[in-house]
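Start from the sequences and build out the full structure, keeping to the hints where you can.
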Amino acid sequence: MSADARNGAGRPPLAGIRVVDFSWIVAGPQATRILANFGAEVIRVERTDAYETIRMAAINKEATPGPNRSGSFANLNADKRSITLNVRHPKGFDLLVSLISKSDVVVENFSSRVLDSWNLGYDELAKIKADIIYLSMAGFGHSGRYRDYDTWGPTVQAISGLTHLSGLPEEAPAGWGYSYMDHTGGYFGALSVLFALHYRNRTGRGQWIDLSQVEGAVTLTGPHALDFQVNGRPSRRPGYPPGNRSVHPAVAPHNAYRCAGKDGAGQDQWVAIACYREEQWRALAAEMGRPEWVADPDFATNVGRRRNQDALDAAISAWTLDQDKYAVMERLQRAGVPCGAVQTSQDRVETDPQLRALELYSTLTHAELGPNLYEEPVFKLSRTPGRVRQPGPLLAADNDYVFGTVLGLSEQKIAELATEGVI
Amino acid sequence: MSSRVPLHLQPPSGAGDLRVIELGDARVQYAGKLLADMGADLIKVESPCGEPARQIGPFVDDLPDPNRSLHFWHYNTSKRGVTLDLDHPSGPELLRRLVRGADVLLEGQLPGRLDVLGLTYESLAAENPRLIHVGVTPFGRTGPWRDFEAGELIHLALGGEMASCGYDDPTAPPIAGGGGQAYQIAGNYTAIGTMMAVVERDFSGQGQFVDVSVHMACATCTEMAVPNYLYRGMVVRRQTGRHATVTPSPPRQWRCKDGIYVQLMMPALSFSVYQWATLVNWLDEHGQADDLKDERYRDPFVRVAETQHIAEVLGRFAETLTSEQAFHGGQLHNLPWAPVRAPEENLYDRHFADRGFWEEVEHPDLSRTLQYPGAPYQTPEMPWRISRPAPRLGEHNREVYCGDLGFRPDDLGAMRESGLI
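Here the protein sequences line up with chains A and B, keeping their order. Letter by letter, the first sequence follows residues 16 to 438 of my numbering. Letter by letter, the second sequence follows residues 429 to 849 of my numbering.
In case anyone wonders, no lab produced these hints; they're calculated from the structure. Some hints here could point you the wrong way.
Stated by the list, open to error - Some, not all, of what chain A presents toward chain B, calculated at C-beta under 7 angstroms:
hint : residue
1    : PHE53
2    : SER194
3    : THR234
4    : GLN244
5    : TRP285
6    : ALA287
7    : TYR341
8    : ARG363
9    : THR366
As the list claims (entries may be wrong) - In silico SDA-like pairs for lysine to any residue, Cα to Cα no more than 25 angstroms straight-line:
hint : chain 1 : residue 1 : chain 2 : residue 2
10   : A       : LYS117    : B       : PHE631
11   : A       : LYS277    : B       : PRO678
12   : A       : LYS76     : B       : PRO678
13   : A       : LYS144    : A       : LYS76
14   : A       : LYS142    : B       : PRO440
15   : B       : LYS685    : B       : GLU723
Note that the Cβ used here is the ideal one computed from N, Cα and C, for glycine as well.
Next comes the structure, spelled out in structure tokens:
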């Protein structure tokens, strides 16, 4: 046996781990995607009578819906398997129980009552498999007076405080232009399952992880709660949130500045510039051809720059306005100034040379959508790397594998169950 | 002498068997917190003048002090803290001694910094084959932007987040949402990568190197933007208080009569006839139903076609309510509505008390306890807790260098005087 094989090189970290995955839309699937990329066998259990929402988001060239025509589904569910199963049919329920008895993890992001209503709350799951790890991801969690309330990304962001922290002062909140908390809920889900797997490796015990996406979101706003308790300072106050300016650390310049041209949606192009240290400010002033600023009391110190931030921002904006955002970024970075183009999706895919160097995107071929780019895992393990291997599964693509190979049913039996509407 | 309970007497927790050496600032402090709050014995190694995060406010009483930064307090719970000057001639060897006895080295040093000091993964692993060395950089270890200057705002710009967040007004700038999200996105991936290597090591007995870049992490966290481009060739357009989309969508965010905004989601396509009727009744009780009582709205496809109109009716209705009335009233009518709260307002919502979410932490130097955000996941079997507040600068030098590494107290004095610690 080679040294590599002895060291387990190439054996994925989650080889042999089977996940029964009821999750849908984004938060749950984000969690199980990470597990699947690193070798877990993630089996999406999907309905026989309806198609999952993200499957039906018509993210394809013709914008026509269909269960296998969503590019966002294909990326988010890469490396997973799909079965259809009617869990409300007694035979379907029995098959589910049988599958769970051969699995390690169950994941769902339904509202809090759903699995209980199937008689599959944690206590029941643990009777089926004593060391099962059950991850539930309801918006408000499975307890508390709001446990029956529903959430989705933007409402989690709203109630947690994240929406309020995003915007120009004295304006309506800008909020987050996508379900940021669906991604982060997924990250917390994957992380908690990994803690639980490590815990099980040491103790032999499974557990229930009751993840509330709202609670997860609140943990992302920590210093504000402390500021209020210690200094009595509320986040609802004049001048706050500060748009793209910076209160902590209190530095200037720190903002986005308009550049030349339009992006792929016809919006203006922008660049972000921030100076955290005096030498970065001096370099910016030199690049802008304003060496006199270094002696000017209005701009020579950070305190002065913050006091005169309007004039400072206007001057920088006048300088960037007729320049390409990448040209500004290159010249300022060469001078040692923190500066980044505001990149759109098009920019990241077509232009960003750093993502190319890091090999974020790989080409995979989907049976109905054809070849396209898929995201590799973000973190790279040197000896047992994860990778994206397959696009998200076609609906029911793995019925034969799961019901036949894993659960041992004959082809004839599988055909019968399909006719009966069980699978 | 270490004040820690011996490992074999501690109740097991998610990361309780792990000793972690954390060497870094913004790129790793949050990931370290995730591990430490889950039980890891984490030692934060700082330069003798402290990590830059200690200079970021808000501060207690608004007086800057390296031991009174509330930003640092939040991100460094449950950790012990020592000082060590890596640039001192004896610095690298002292770090080696710490890492030799550790399970995880969690570092956020710029590419090459540790290599020139001889602290490569290969050399550390030669002394400790079980070591999991996690290295977090701004842009990765190769590539044209590798040595570029970074920061929270720069990462949200380059990562794609800002391009999706902003306002309907096309003259408005893209907005970087506040609260430190770029480093939290990267930190979440860093913690996941660390635990993935830990789970792998449970099987193989071997460590490895885990490579994370903040830029790559941020670039994967923008939901539909990249798929819309890859499959439809379209770039999403920013809108106020809602998803950036390819074609404009109806408003979702309305200002209630108490001046606080609410996020109003529309009735789903799956709304039953009964659910729709109940909702319309609610509006009607307030004289706000407009024409929604008309029978044609019972057809969900008509409701889809009339989304803009229905959104406006709901929005005008919300304006007559307080944000809490809209929140609870909407939820009771099967709508996932939510108020746009300030973060600290959740200190007072009894739901979080029901869940035991807020975590009390004693601060003896303030003579009070503070409520910290609690666990991002409730795991009664492997309890999450803040085991101590963030360390003062060098607070555990004696405990770690003498207690764990066996230096004599006299040695410590010399190390201090020479600037090593």
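Item to check | Numbers of the earlier hints that this structure fails to satisfy, in rising order | outcome: 7, 9, 13, 15
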